[in-house]
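Enquirer: First to last, the sequence lines map onto chains S and X.
Going by this note's numbering, the first residue of the first sequence is number 1, and it counts up by one from there.
Going by this note's numbering, the first residue of the second sequence is number 1, and it counts up by one from there.
Simulated from the structure, these hints should not be mistaken for lab results.
You can trust all of the hints, since none of them are fake.
Covered by chain X, according to a simulated footprint, are these stretches of chain S (three or more residues, beta-carbon under 8 Å):
#1 16-22
#2 30-37
#3 50-57
#4 227-237
#5 248-262
No farther apart than 27 Å at their CA atoms in a straight line, the calculated lysine-lysine pairs in the DSSO-like style are these:
#6 X:K207 <-> X:K231
#7 S:K180 <-> S:K90
#8 X:K207 <-> S:K252
#9 S:K252 <-> S:K48
#10 X:K296 <-> X:K7
#11 S:K246 <-> X:K231
#12 X:K248 <-> S:K48
#13 X:K106 <-> X:K154
#14 S:K252 <-> S:K47
#15 S:K96 <-> S:K180
#16 X:K159 <-> X:K106
#17 X:K158 <-> X:K106
#18 S:K215 <-> X:K207
#19 S:K48 <-> X:K231
#20 S:K246 <-> S:K48
#21 X:K231 <-> S:K47
#22 S:K47 <-> S:K246
#23 X:K207 <-> X:K106
What you are looking at is a predicted structure, and each value in this text was computed from that prediction instead of being measured.
Positions of the beta carbon are idealized from the N, C-alpha and C atoms, including for glycine.
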Amino acid sequence: MNFISNLFRYGSIAAALFGVVAICLVARTQAERQMLPAGDPPIMPPKKPYAQAVAATGILEALSENVSIGVPIPGLVREVCVKVNDTVKKDQPLFKLDDRDLRAEQLSVQAQQEIASAQIRVSEAQLSKLASQLTRLQAISDSRAVSREDLENRQQDVAISQAQLAAAHAQFTASETSLKRIALLIDRLTVLAPRDGEIIQVNIRAGEYAATSPKVSALILGQTDRLQVRADIDEQNATRIRQGQKAYGYLKGDPTVTFPLEFIRVEPYVVPKVSLTGSSTERVDTRVLQVIYSLARPSDPPLYVGQQVDVFIEAPDRHPQP
Amino acid sequence: MIGLALKMLFGDTAKYLMLVAGLFFATFLIVQQASVFCGLMRWTTATVKNVGAPIYVVEERVEQANETNPMRDTDVARVRSVSAVRWAMPLYSGIQRVRLNDGSFKTVQLIGIDAASLAGGPTQMLEGNLEDLRLPNTVVIDELATQRLSTDPKNPLKKIKVGDQFEINDVEARVVGICKAMRSFTGGPYIWTTYERALQYTPSSRKMLSSVIAAPIDGMTTDEAAAEIEKTTGLRAYVNRDFGDNPKDFNTATVWWYVKNTGIPISFGTTVVIGFIVGVAIACQTFYAFVLDNLKHLGALKAMGMSNFRLSMMLIVQALTVGIIGFGLGLLATSGFAMGAIHNNQPPFYMPWQIPVVAFVVIQLICMLAALMGIIRLSLYEPAMVFRA
Chain S
1 MNFISNLFRY
11 GSIAAALFGV
21 VAICLVARTQ
31 AERQMLPAGD
41 PPIMPPKKPY
51 AQAVAATGIL
61 EALSENVSIG
71 VPIPGLVREV
81 CVKVNDTVKK
91 DQPLFKLDDR
101 DLRAEQLSVQ
111 AQQEIASAQI
121 RVSEAQLSKL
131 ASQLTRLQAI
141 SDSRAVSRED
151 LENRQQDVAI
161 SQAQLAAAHA
171 QFTASETSLK
181 RIALLIDRLT
191 VLAPRDGEII
201 QVNIRAGEYA
211 ATSPKVSALI
221 LGQTDRLQVR
231 ADIDEQNATR
241 IRQGQKAYGY
251 LKGDPTVTFP
261 LEFIRVEPYV
271 VPKVSLTGSS
281 TERVDTRVLQ
291 VIYSLARPSD
301 PPLYVGQQVD
311 VFIEAPDRHP
321 QP
Chain X
1 MIGLALKMLF
11 GDTAKYLMLV
21 AGLFFATFLI
31 VQQASVFCGL
41 MRWTTATVKN
51 VGAPIYVVEE
61 RVEQANETNP
71 MRDTDVARVR
81 SVSAVRWAMP
91 LYSGIQRVRL
101 NDGSFKTVQL
111 IGIDAASLAG
121 GPTQMLEGNL
131 EDLRLPNTVV
141 IDELATQRLS
151 TDPKNPLKKI
161 KVGDQFEIND
171 VEARVVGICK
181 AMRSFTGGPY
191 IWTTYERALQ
201 YTPSSRKMLS
211 SVIAAPIDGM
221 TTDEAAAEIE
231 KTTGLRAYVN
241 RDFGDNPKDF
251 NTATVWWYVK
261 NTGIPISFGT
271 TVVIGFIVGV
281 AIACQTFYAF
291 VLDNLKHLGA
301 LKAMGMSNFR
311 LSMMLIVQAL
321 TVGIIGFGLG
331 LLATSGFAMG
341 AIHNNQPPFY
351 MPWQIPVVAF
361 VVIQLICMLA
371 ALMGIIRLSL
381 YEPAMVFRA
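If we strip away everything but chain S, and leave its shape as in the complex, we get (with noise of 0.2 Å):
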């Protein structure tokens, strides 16, 4: 009896000891297991250019502005002269439509002009016959020989072979018209760089059908040794935003690739916000001011037009009004 009382007694003072050991013990697991504080981001954001400045987000576009080539007509599309990347000259061709019809009709034609021609010639035989016909009589000297009523009808045979054979060379200048109308319009199905630059992007291809008003356009073409960045700045920002001002660019990705900006415009138009983030469905919500900068394209590492940059613009703060 006294042993199990003295177990009890000690036991218990015993267990209220490793009791406060115990919570001790999960006090220490329970630190152990929290989370981590927040850190720096694994990748550190880039750091801002300058102690005030007004974040956007851009784009890049070829300096010149990105081209979309458009087509005369809608029609399939029978070569595509150029690729991407490659260099072009203002007028070189671009690609060319399917212009059989056209040609067919060129056939048409050139067989009319035979006709004509062969016109002329029956006209001319004709005038010559009734002119030799008329000088015949005109050299009979006796008035009697020659009823007057038969030379006049000669005279006007001749007249009037005469305006057929003006006809017939009327209806051949027709044709030769016709003709180069559809040379002409031939020549149109053939697409021509308007100017001087470099083929970003190629949509179409041979045996597709070009529209004139198409989702994506058939050709891209900007000129891209020098490119240009296309800001957009939140509205409740763009009072911050003058002419002049210094921006620097960070490619989104990347931040270690910085590039300085070079100021162009402020577009005097403020836009409604499509939303970058590459979703399908635009969702508008702001309208933003865009500000355009321009950077030489630096070899390495290579940008592309269409990446995405964040731009930091020096601007200062907006006091506000006390």
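Given chain S's structure and the hints, the job is docking chain X onto it.
Expert: Relative to the frame of chain S, chain X by itself:
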């Protein structure tokens, strides 16, 4: 005198055990319930803890971390434009449904982070590489998800591994990493992906940006930077420290929101109060009975000339001893519960150091109350009564 007091105390094993048991239950109920409450409240801030960022910028009417009121995409640029901000990145957070290979659905907490900097990503990767998130259709899941998203959670062989895939809103998601994360209040596992992809996983709505996470520039505290962001942008900026007295702290704001708007504190508070009452009732009653039992001996001591003060001290020493032992036993039981809870991550358990300290004071108060009743009884007792019987 102390020796005599302890001898008297341990002399009656049954009463001693009764006393200790009462205080043990009181301690266990108070400490365990308070800790589970704290753990549950901590779960409500899991998103803030898992997405470790110094400053959270949210829409101006957002009051706590689990509600989102989306902002416009350009708000990231607006926050970035504040001079006090070193960096600012978009963050998507929302509850989405995952479809498993067997066709069943589970809800998850989807977090979308900036793909370039990976700011807001999990801090502890267990498997895989966080940078692999930049691959197409990839996600990083937490430990809970490896079980929760498996078709047979009991079978360890069927756990989701790196390389497995499932669907979030009909879009493929391939697991490239497993990380450690705190459990969410809603019970869904955490799934990280990039911000852009999170928008693809989510049914589109006009505004999608849940919050902007930011850091202050060097030489500026997070509080100053948060105040500056609020002043300049008109959005609400919370700092992310730990629960405290700062109302601008996201953890604090979230916990107080739950305290004010849910019945959780009432439920847990009632249990704690019952623990206290049980402790008081058992301890006072048993101790009083104990004093009554030993009244003869105490009376004899009094008759021998021992002062009331010294006798009171004896009773106080007895009460303190019982209190400490009962408290220790209560802590032992709580530790057992805690080890299990921490190991399984369930039920919630978080014990700040204040809980055992306050519990200790409360238990000692109960003991003092019990001792006081004994002392009153003893002081009313006439020494002569001993000889009368």
